[in-house]
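Novice: With chain A's structure known, arrange chain B on it following the hints.
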Amino acid sequence: MERLEYTAVGLGSAIKSGKVTAEAAVEAVLARIKEKESALHCYVTVDEEGALTRARAVQKRIDSGELTGALAGVPVAVKDNLCTKGMRTTCSSRMLAGFVPTYTAHAVQKLEQAGAVIIGKTNMDEFAMGSTTETSAFGVTRNPYNEAHVPGGSSGGSAAAVAAGECFYALGSDTGGSIRQPASFCGVVGMKPTYGTVSRYGLIAYGSSLDQIGPLSQDVTDCAAVLTAIAGHDDKDSTSLQREDTDFMSALHEDVKGLRIGIPRDYFSDGLNGEVREAVMAAAKVLERKGAVIEEFSLGLVKYAIPCYYTIAAAEASSNLERFDGIKYGYRTTEFEGLHSMYKKTRSEGFGAEVKRRIMLGSFVLSSGYYDAYYLKALRVKALIKKAFDDAFAKYDLLLGPVAPTTAPKLGESLADPIQMYLGDIYTISVNLAGLPAISVPCGTDSRGLPIGLQLIGDCYQEKKILCAAYAYEQQRVFE
Amino acid sequence: MEKSYETVIGLEVHVELATKTKIFCGCSTAFGAEPNAHTCPVCTGMPGSLPVLNRQVLEYAAAVGLATNCEITRETKFDRKNYFYPDNPQNYQISQLYLPICRNGYVEIEAEEGHKKIGIHEIHMEEDAGKLIHDEWQDCTLVDYNRSGVPLIEIVSEPDMRSAEEVIAYLEKLRMLIQYLGASDCKLQEGSMRADVNLSVREAGSGKLGTRTEMKNLNSFRAITNAIEGERERQIALLEAGENVIQETRRWDDTKGESYAMRSKEDAQDYRYFPEPDLTPIVISDEMLARIRAGQPEFREEKMERYRKEYGLPDYDIDILTQSRHMAELFEQTSAICGQPKKVSNWLMVQTMQLLKEKAMDAEDICFSPEHLAKLIALTDAKAINSSVAKEVFEVMFTSDIDPEQYVEEKGLKTTNDAGELKKVIEEVIAANPQSVCDYRNGKEKAIGFLVGQTMKAMKGKADPAAVNAMLKELL
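Chains as they are written, first to last, in this note's numbering: chain A, 1 to 480; chain B, 1001 to 1476.
Be careful, since some hints might not be right.
[Said to hold, decoys possible] With a cut-off of at most 20 Å between alpha-carbon atoms, the simulated EDC-like pairs for lysine to aspartate or glutamate come out as follows:
1. B:1077 <-> A:237
2. B:1077 <-> A:372
3. A:328 <-> B:1087
4. B:1081 <-> A:372
5. A:344 <-> B:1087
6. A:328 <-> B:1144
7. B:1077 <-> A:235
8. A:328 <-> B:1135
9. A:328 <-> B:1139
10. A:344 <-> B:1270
11. B:1081 <-> B:1012
12. B:1020 <-> A:235
13. A:465 <-> A:244
14. B:1383 <-> B:1395
15. A:356 <-> B:1270
16. A:19 <-> A:47
17. A:328 <-> B:1034
[Unchecked claim] Looking from chain A toward chain B, a few residues come up when the C-beta cut is under 10 Å (computed):
18. 96
19. 101
20. 204
21. 319
22. 320
23. 324
24. 325
25. 327
26. 328
27. 330
28. 331
[Claimed, not checked] Cβ-to-Cβ under 10 Å is the rule here; a few derived chain A residues that face chain B:
29. 81
30. 89
31. 200
32. 201
33. 202
34. 209
35. 315
36. 362
37. 366
38. 379
Rather than coming from a laboratory, the hints here were simulated on the basis of the structure.
Computed from a predicted structure; not experimentally measured.
We put the beta carbon where it would ideally sit given N, CA and C, even for glycine.
Just chain A, with the same shape it has in the complex (with noise of 0.2 Å):
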């Protein structure tokens, strides 16, 4: 079967217009999965006889005009750590290899109203801690740029799956840059909204205060129209923000003339590499020629995001996961003697090494007598970087600067240095920290044909600057 080169929204206007019918496209991709799954291993679970007949329904509710949005019978691929009633979600870890939500995720759940079609679960490093995909339990995903490095993550199986076209667009989760930095590595839009912008209700939680869930897609038009589709205010999460400025399409022009950019030096500084550095300042040149004013800056504070960062996510996730006990769901071990020893053992064989060494962390910055030296340091670090964010607001729209230091490094090249691979984290983990939306652009590719992203950070509420700066800088990408 031929693939379907359409966009999101591209192919959303076919559906309606009758040249494609939604069951075409899930064939299409279903024949897609087929061929590339085998080498880049995106999803977890793909869900065939359920994603066609869901595509047969959304069909008829087009032809009835009941369904008119621009995603309507559009193929997608979710998370794995965003809950899916009926629907196998795993997290990409054996503690839930067999677990069945009762209930959908709010996100999933104003896509699948919205009449997009799921076709499965992808791949993801393990509950979403890590930065290649390579802590999955259930094995690997490939960049489909090249199969010898990996995809990024933690939403790698999402981005790989939008870049290989195994889906029209996915989403994905952002803790301290689970949906940009994979974007960047696998050469697709990727967004994290403001925080509280789109509902965390069924997103099985990592660091609740810095979780965001968040569209991949092939262009900054599709981020934008699912962006709109899942945002709003969800009375089951608390933190959940009220806004009416959520029509994102209506930011889609390429008028930047006058848009004050800044250029935080501290993020082209020694550990970033040099044809990043090349791709992400011609990207700045482009946006300048097109009236935007680019001026350097210091932000500051950028090396001590990294351990706030870690201290804050990890102490959240210690206690997020402690309802993984082999009681209520999931796994349990076969073998055991009393209910500690079945605690024990469940956590031990259930969690995999990255999430134990989390788990490790948070307890102990938890642990009394070192709240205060760690815990609480930590929020008060994070409320100076969230200051030094508001400063660069008073005097810029955007900040721009690259995604992560480097393009996808090789498969087995990170996890042996986890405080390398922690470092990597620089340029995301600050705006989770300071509740920030930011998008990463494909800007370029290195040497060896690895995708580059382009980051634009906004201030909280702002996310129609970046996109209207996003395309702005697409639509004269794809002129160059």
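Specialist: Same frame as chain A, now just chain B:
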């Protein structure tokens, strides 16, 4: 010389709030359903579920705080208390450590030396856990999460109590305040009020606190009193023997009348408290606080004072009537309808209390309406029914809140005013009981009682005994 010891007691009281739904989800709090009938992803700790605070919990907690003279924390937050146990579905309990909703309050009790203030350190909100049920047949333990997420407040007192009497007075006071607020029914036996006793002893006059123990599993005032006496003696015996009291949690066994150690301070868990990231801080606005303040009811002391002035009732009546807000309101409403407070009081103090006791019910469970009680009083006043019929009718009203007028009509219980009919019956009774008639005529006054009884029986109770008596005398 024998040393004299002072007992120092502080209390941690858990109160289940009377909300219709749970603290962080919409599930019902109703008691007695099938296991796990009242559960959802939130209160069973399913992955990805999130808590949303039930505002009624906040209002009840603040209302209890105001009633106990606490400062209300205007920006209050929830924290997670982490510990593994199967009844705790997330393996953390959402509670409050750093910014509890109420702090620095007190209640006044009547102690031996007169009024005494018992300090309240704090009141915080939290969720209850589920219930473990051991299945002996299959040798396994099952969990019922119906109770998981039922809202609780924990009221932590200062170590200001010195005897079991003071502890009971403090608990009675809390119970009365909270029941008047309608925030909980505070039943110790059913667990909607639970008290843990922290107790230490020290030599009289010493300014330093001794090592304390915490006593759990106290399900009645009697158990609390016994546990306090027992623990005081145990600690004094240790000190007298030159040993130390160990800081530990002990479980009271009321049937054996002794306690045993559950866990010591050394194996105390590190709960790794930290701010609950899934709930945003709660700001209590001036308006909300003013509204809660305005909603505070007239509490017992105020009511008692007013009853003395307004109704002129004896203290004995007032004491009983105000023991429950429901009873007091029933009294006030019925009195307002019939205008005879003492008669209302008598029905409540005597017949109502007696039936409550017989049926082991609480005053809160009284179901009859003030309108019906007023009607019953009116029926007796009009001599439409006699007092024994009235008692019968009241019993039916007590169980099923019937309309006494209608009931008396339907059952034909009205006193007969037909003098002719009464005369006919009495003549028959006189004719049928010559011996009693003879006795009476020979000066045996008591014999008339028997004849009245026979007449009432023949009239099926529908006569006024005074009228029967008078007519009998006349005819004899």
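Novice: Indicate, hint by hint, whether the structure satisfies it.
Specialist: Going through the hints against the structure:
{"no.": "1", "hint": "B:1077 <-> A:237", "in the structure": "holds, 16 Å"}
{"no.": "2", "hint": "B:1077 <-> A:372", "in the structure": "holds, 18 Å"}
{"no.": "3", "hint": "A:328 <-> B:1087", "in the structure": "holds, 10 Å"}
{"no.": "4", "hint": "B:1081 <-> A:372", "in the structure": "holds, 16 Å"}
{"no.": "5", "hint": "A:344 <-> B:1087", "in the structure": "holds, 17 Å"}
{"no.": "6", "hint": "A:328 <-> B:1144", "in the structure": "holds, 11 Å"}
{"no.": "7", "hint": "B:1077 <-> A:235", "in the structure": "holds, 19 Å"}
{"no.": "8", "hint": "A:328 <-> B:1135", "in the structure": "holds, 17 Å"}
{"no.": "9", "hint": "A:328 <-> B:1139", "in the structure": "holds, 18 Å"}
{"no.": "10", "hint": "A:344 <-> B:1270", "in the structure": "holds, 17 Å"}
{"no.": "11", "hint": "B:1081 <-> B:1012", "in the structure": "holds, 17 Å"}
{"no.": "12", "hint": "B:1020 <-> A:235", "in the structure": "holds, 19 Å"}
{"no.": "13", "hint": "A:465 <-> A:244", "in the structure": "holds, 16 Å"}
{"no.": "14", "hint": "B:1383 <-> B:1395", "in the structure": "holds, 19 Å"}
{"no.": "15", "hint": "A:356 <-> B:1270", "in the structure": "holds, 19 Å"}
{"no.": "16", "hint": "A:19 <-> A:47", "in the structure": "violated, 25 Å"}
{"no.": "17", "hint": "A:328 <-> B:1034", "in the structure": "holds, 18 Å"}
{"no.": "18", "hint": "96", "in the structure": "holds, 7 Å"}
{"no.": "19", "hint": "101", "in the structure": "holds, 7 Å"}
{"no.": "20", "hint": "204", "in the structure": "holds, 4 Å"}
{"no.": "21", "hint": "319", "in the structure": "holds, 5 Å"}
{"no.": "22", "hint": "320", "in the structure": "holds, 9 Å"}
{"no.": "23", "hint": "324", "in the structure": "holds, 8 Å"}
{"no.": "24", "hint": "325", "in the structure": "holds, 6 Å"}
{"no.": "25", "hint": "327", "in the structure": "holds, 5 Å"}
{"no.": "26", "hint": "328", "in the structure": "holds, 6 Å"}
{"no.": "27", "hint": "330", "in the structure": "holds, 8 Å"}
{"no.": "28", "hint": "331", "in the structure": "violated, 13 Å"}
{"no.": "29", "hint": "81", "in the structure": "holds, 8 Å"}
{"no.": "30", "hint": "89", "in the structure": "holds, 7 Å"}
{"no.": "31", "hint": "200", "in the structure": "holds, 6 Å"}
{"no.": "32", "hint": "201", "in the structure": "holds, 5 Å"}
{"no.": "33", "hint": "202", "in the structure": "holds, 4 Å"}
{"no.": "34", "hint": "209", "in the structure": "holds, 4 Å"}
{"no.": "35", "hint": "315", "in the structure": "holds, 6 Å"}
{"no.": "36", "hint": "362", "in the structure": "holds, 9 Å"}
{"no.": "37", "hint": "366", "in the structure": "holds, 4 Å"}
{"no.": "38", "hint": "379", "in the structure": "holds, 8 Å"}
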